[in-house]
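Trainee: Protein sequences, first through last, are from chains A and B.
For the first sequence, position 13 matches number 13 in the working numbering, and the numbering has no gaps at all.
For the second sequence, position 395 matches number 395 in the working numbering, and the numbering has no gaps at all.
Everything labelled a hint here was simulated from the structure, so no lab data went into it.
Treat the hints loosely; a few may be bogus.
[Unchecked claim] Rough simulated footprint, nothing fancy, chain B against chain A, three-plus residues with beta-carbon under 8 Å: (1) 36 to 49; (2) 70 to 78; (3) 106 to 114.
C-beta atoms are modelled at their ideal positions from N, C-alpha and C, and glycine is treated no differently.
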Amino acid sequence: MAEAKSMQAGEPTRRDMLFLATGALGAVGAIGLAVPFVRQLAPNAQTIAAGAPIEVDLAPIAEGQGIKLFWRGKLIFVRNRTKAEIEQAAKVNLASLPDPQADSERVKAGQEQWLVLYGSCTHLGCIPGGSAAGEVRGEFNGWFCPCHGSHYDTSGRIRKGPAPVNLPVPPYAFLSDSKIRIG
Amino acid sequence: MSGPSTYVPKLGIAKWLDARLPLPRLMHDSFVVYPVPRNLNYFWTFGGILMLMLVAQIITGVVLAMHYTPHSTMAFNSVESIMRDVEYGWLLRYMHANGASFFFIAVYLHIFRGLYYGSYKAPREVLWILGCIIFLLMMATAFMGYVLPWGQMSFWGATVITNLFSAIPLVGETIVTFLWGGYSVDNPTLTRFFSLHFLLPFMIFGVVILHVWALHVTGQNNPTGVEVKAVAKDTIPFTPYATIKDAFALVCFFAVFTYFIFYIPNYLGHADNYIQANPSVTPAHIVPEWYFLPFYAILRAVPDKLGGVLLMGAAVVILAFLPWLDTSRVRSMNYRPLARQCFWVFVVVCIMLGWLGSRPAEQPYVFLSQVFTALYFAYFLVALPLLGLFETPKKLPGSIAESVLGKLRGGSGSIVGTAATAEPNTKG
Numbered sequence: 001m002a003e004a005k006s007m008q009a010g011e012p013t014r015r016d017m018l019f020l021a022t023g024a025l026g027a028v029g030a031i032g033l034a035v036p037f038v039r040q041l042a043p044n045a046q047t048i049a050a051g052a053p054i055e056v057d058l059a060p061i062a063e064g065q066g067i068k069l070f071w072r073g074k075l076i077f078v079r080n081r082t083k084a085e086i087e088q089a090a091k092v093n094l095a096s097l098p099d100p101q102a103d104s105e106r107v108k109a110g111q112e113q114w115l116v117l118y119g120s121c122t123h124l125g126c127i128p129g130g131s132a133a134g135e136v137r138g139e140f141n142g143w144f145c146p147c148h149g150s151h152y153d154t155s156g157r158i159r160k161g162p163a164p165v166n167l168p169v170p171p172y173a174f175l176s177d178s179k180i181r182i183g
Numbered sequence: 001m002s003g004p005s006t007y008v009p010k011l012g013i014a015k016w017l018d019a020r021l022p023l024p025r026l027m028h029d030s031f032v033v034y035p036v037p038r039n040l041n042y043f044w045t046f047g048g049i050l051m052l053m054l055v056a057q058i059i060t061g062v063v064l065a066m067h068y069t070p071h072s073t074m075a076f077n078s079v080e081s082i083m084r085d086v087e088y089g090w091l092l093r094y095m096h097a098n099g100a101s102f103f104f105i106a107v108y109l110h111i112f113r114g115l116y117y118g119s120y121k122a123p124r125e126v127l128w129i130l131g132c133i134i135f136l137l138m139m140a141t142a143f144m145g146y147v148l149p150w151g152q153m154s155f156w157g158a159t160v161i162t163n164l165f166s167a168i169p170l171v172g173e174t175i176v177t178f179l180w181g182g183y184s185v186d187n188p189t190l191t192r193f194f195s196l197h198f199l200l201p202f203m204i205f206g207v208v209i210l211h212v213w214a215l216h217v218t219g220q221n222n223p224t225g226v227e228v229k230a231v232a233k234d235t236i237p238f239t240p241y242a243t244i245k246d247a248f249a250l251v252c253f254f255a256v257f258t259y260f261i262f263y264i265p266n267y268l269g270h271a272d273n274y275i276q277a278n279p280s281v282t283p284a285h286i287v288p289e290w291y292f293l294p295f296y297a298i299l300r301a302v303p304d305k306l307g308g309v310l311l312m313g314a315a316v317v318i319l320a321f322l323p324w325l326d327t328s329r330v331r332s333m334n335y336r337p338l339a340r341q342c343f344w345v346f347v348v349v350c351i352m353l354g355w356l357g358s359r360p361a362e363q364p365y366v367f368l369s370q371v372f373t374a375l376y377f378a379y380f381l382v383a384l385p386l387l388g389l390f391e392t393p394k395k396l397p398g399s400i401a402e403s404v405l406g407k408l409r410g411g412s413g414s415i416v417g418t419a420a421t422a423e424p425n426t427k428g
């Protein structure tokens, strides 16, 4: 009877209250349920653990040579740059770069010959050539990505092509003059 | 379009079932007495062909999954084992791999048919959009399926396509990490792609049911684009007329399909995919499967990463807006002299984009890709909106029957059932 009266008066009924309460709890439940289904997509504990820092011995890399190695499943380039390559990288007019960054910001002070980069093209993730002898280095003598034609210079900076930014520098530190730790 | 049901169950069990779950009635009304326009040409047979291709892909796919191992260290070898060790494994895999290509051949012809005869126009907008959704699901399914053999093209195709999402501002990198389940394409990526590759065909199947439902509400378009006016004169029953025509086209289509399976099973594939995935070396010349090449060319035409990704997405999504971009009230391009020329230019543009997508990212291909990308969008955004306003269409026939049988007989209404076998209009 009370319900019929309140319906006539246009006031909220007990059913309205139940509808809102059920709906609100259902919405909270749906969000809660979505969390595990989204979170399971993230890198799992094993994958994260496999991303621990690694040490790299630089001694065997002669001047002008480069090596490739994996860290966290991603390719890393380490290049021992020649004097000419360092000069070439340093004298560029920064205003002319698509992603302006000085060469000195991309290497460690006093270790300018060592360039350490993520080796995946910042466009769509192919591996640019230019690390090993005989590979095409592109118009700026650094790296060239064969997939969509991005040219990188001797500092790993994007100079021409569809890639939006420079090859990023991974976190690393010199343990000694001939050893670095990546990560 | 179909009137009241004419199904009359004869057997006792049929009557019993009809009162409880009238499934035979639904089938009878949808695929036996269902009226189809009498002038349909062979371009209308691809719907049935696509239905069978979907079923074929599901059957071969389920069987292949019994022998395949979704793990980055074992996937490649398990596919080789299917090819060498499993009895008839080579045949099942070649049917599945070439089946994907022929699925796309059929779907592209089906789409171009719709474009030419204006099948997307009112009242078939929902039917058309459902088709666009199926096309999108097909692309996702085909892409993920191509990753499963874990060859070089699988791996680098997956890398390039998943990296497309990194172009999204702010959250792009996070999305890509969640797609990969790691910091690069690796085993977690493979296992989730396998799971989704198994799921999506069944989702396609569901949308196909909606697609057919929507089709049976509005009825089929036809080469004249003139709606059915009198069911008795303008249409013929689905069975036997459309059934036998669909079946004949299907057999012809499968003759070509089986030629590929038996004689040139790797013609549409890439040799690089017979090399196991190697994350440290990108093949010098990576290209997607042929059916993605036009969209790949559009992606590469733009010198900006985000711009390229957006334009490639737009090239697919724009199809769904076609019912509102085309302003002409005349459906069939048989009666639209200017639009018809634009259509054939558009077909050439699509083929050229496909060819350019297979070329390396160098000049003059990049420039040509830009030109043809502009022409691709011009068809949707300039030609079709404007032509509807300026073009003078040819005179439409009074009815479907008139277009098939001539004005005199079509108007007289004295058509007997057997006249329905008259040569269909194959123009265009």
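Trainee: In ascending order, which of the hints set out earlier in this document are inconsistent with the structure?
Mentor: 3
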